[in-house]
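What follows is the residue order along each chain.
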Amino acid sequence: MYTFAQRLKITAFALMGLGVIGLAIGFMTAPSTVEEAQAMVADAHGEHEEKHETVSQGEEKHHETQDDHTAANTHVDAHEEHHDDAHGKHLLHQLQNKPWAALYVAAFFFFMIALGTLAFYAIQRAAQAGWSILLYRVMEGITAYLVPGSIIIYVFLVLTGLHANHLFVWMDAETVAHDEIIQGKVGYLNVPFFLIRAAIYLLGWNAYRYFSRRFSLAQDHAKAGDISNHKKNFRISAAFLVFFFVTESMMSWDWIMSLDPHWFSTLFGWYVLASMLVTAVTVIALVSIYLKSKGYLPKLTHNHLHDLAKFMFGLSVFWTYLWFSQFMLIWYSNIPEEVTYFLTRIDDYNLPFFGMVAMNFIFPLLILMSSDYKRSNWIIVMAGIIIILGHYVDIFNMIMPATVGDQWFIGWAEIGAFLFFAGLFIYVVFNALSKAPLETSGDPYLGESERFVY
Amino acid sequence: MSSKLVHAVYDDDDTLLHAVKDVKKADYHIEEVFTPFPVHGLDHAMGLAGTRIAVAAFLYGILGFSVALTMINHIMIEDWPQNIGGKPSFTFMENLPAFVPVIFEMTVFFAAHLMVITFYLRSKLWPFKKAENPMPETTDDKFLMQVAIQGDEKKLLTLLKKSGAIDISIHENHDA
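Going down the list, the protein sequences come from chains P and S.
The first sequence: position 306 = 335 (our numbering), numbered continuously.
The second sequence: position 130 = 137 (our numbering), numbered continuously.
Treat the hints with care, as some may be off.
[To be verified] With a Cα cut of at most 20 Å, we get these calculated SDA-like pairs of lysine to any residue:
id : chain 1 : residue 1 : chain 2 : residue 2
1  : S       : K94       : P       : L358
2  : S       : K94       : P       : F353
3  : P       : K339      : S       : A61
4  : P       : K339      : S       : R59
5  : P       : K339      : S       : V115
6  : S       : K28       : P       : R480
7  : P       : K339      : S       : G57
Everything labelled a hint here was simulated from the structure, so no lab data went into it.
All figures in this text were calculated on a predicted structure; none of them were measured in a lab.
Sequences and hints are given; from them, build the entire structure.
Rendered as structure tokens:
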């Protein structure tokens, strides 16, 4: 049995405390009037005269793309007359969105780790994998975050639906009234249906997590030779995977892609899935290495870690494949309604957009290619930290451009939200790990996992 | 030096693997093992040195990558500048996304083909080469282990018999 180390517990609470402070500062410093918002931007510009020009150029560009969205059926004259006014209001909304968006990025990111681990776990169960039995309890510990993560996400989505923030423009009746494209999507993109769908996804995922954990624990206490719980787990895992791959795709359209309601990408669900799985496998590897360094999981060897590292490597390449497929097709065809998505990212988010390709592709590709490196703990930890941060930036790039536009920076709210959810995640995961023996017993493939040699 | 070899034939890969481990443990020298398909863990059990083909593959990949860069830069930018997707930028970097699939394919092509050729050369295989395996059945469903005879011949033969060999014969070693 694992006991939750006191020092780790204190670290988790300290992270949560720091996170709350950061978020509080983020929310308090958000402007409440147009004048305040303009003053904030002007202040920031005053400090660096040279920067001023480039930033305001970026603003104009961004504003133009926003115009493309809405100008199609508003009067251009009226728009120009109220240009300053509209611009100020737009800026205010962006700055007000910033702490909310920062919260959403971090909440989704850590929720995604638990969900990705759940999917990976279900794949192991459904495929009747032999190598990973020793990692089941680690994975179950990580998926324990699914419950608090789901509650937080759902409360956030309800608040958003009640107009506590302006993250989803299609929720704003006035915008929809002037936008024919969104009007055509109202049958799907409306607040009640949106929340019903989210409830179905979350309940389905949590139900699988609840039952698979129960059967897994029941198998520990089963009589020798009785593998009925193992079989039940196999069946529900296969059913869950069918449900998951459909709902995961829809979740990514709902929660992320609809932030840019004019834009669409048919492989978006896969793209989010790739990010989810690579981060999940990385976290499984990091938690296993941590537990092993504390003297737990004695049967876990470098052979198991080698397989996890292979998944980290392979899924990083898979993520890149999807990232590039999405990018190249849109870049090549150059259709205005599609290409704005990448224009805002390349113009306003140049460093995070291309930086994440280095972090999520080039770095893991080169460092995890060698078989020997995949067996070295410190290399996996180092590569793992870069991959985790890289995929945080990936989620940041998915959510921020549509919600705060060019007004992004990594400030109090962003760091605070990340630390808060990191602390909560560590607390929930390690608390769950201490609730059951770290090694399953009674699984028919346990021997295969113990003898596993890569 | 004239020496003798024992040929022990097996009909199961698991039995063979255990036999190899037993023979190795008893400190006999295994000349070669012939199998109809790759047996997982056999190289490890025989104590063979790890393959370096991965290093070769990496170098071949880099070679393919460089060839692709040079080739596509020449074809699409220098020799006959092409207007790609309505974006007549005519620079390599600005057209890079269109070149990535080609660069990727060339990298894989070079790595894969040169790796196979390297493997053949390293294994001394070429077209029309006469087969070296002492028993044609090892290309069908039998496994053959060649062990050099040192010291007590009888002891080795009992060990092999006990390990599950279905046929044991002694041959002159012509190579040595």
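Hints, one by one, checked against the model:
1. S:K94 to P:L358: 14 Å, holds
2. S:K94 to P:F353: 19 Å, holds
3. P:K339 to S:A61: Measuring from Cα to Cα gives roughly 15 Å; hence the hint holds.
4. P:K339 to S:R59: The given pair, whose Cα atoms are some 19 Å apart, holds under the 20 Å limit.
5. P:K339 to S:V115: Between P:K339 and S:V115 the Cα gap is close to 19 Å, so the pair holds against 20 Å.
6. S:K28 to P:R480: 16 Å, holds
7. P:K339 to S:G57: 19 Å, holds
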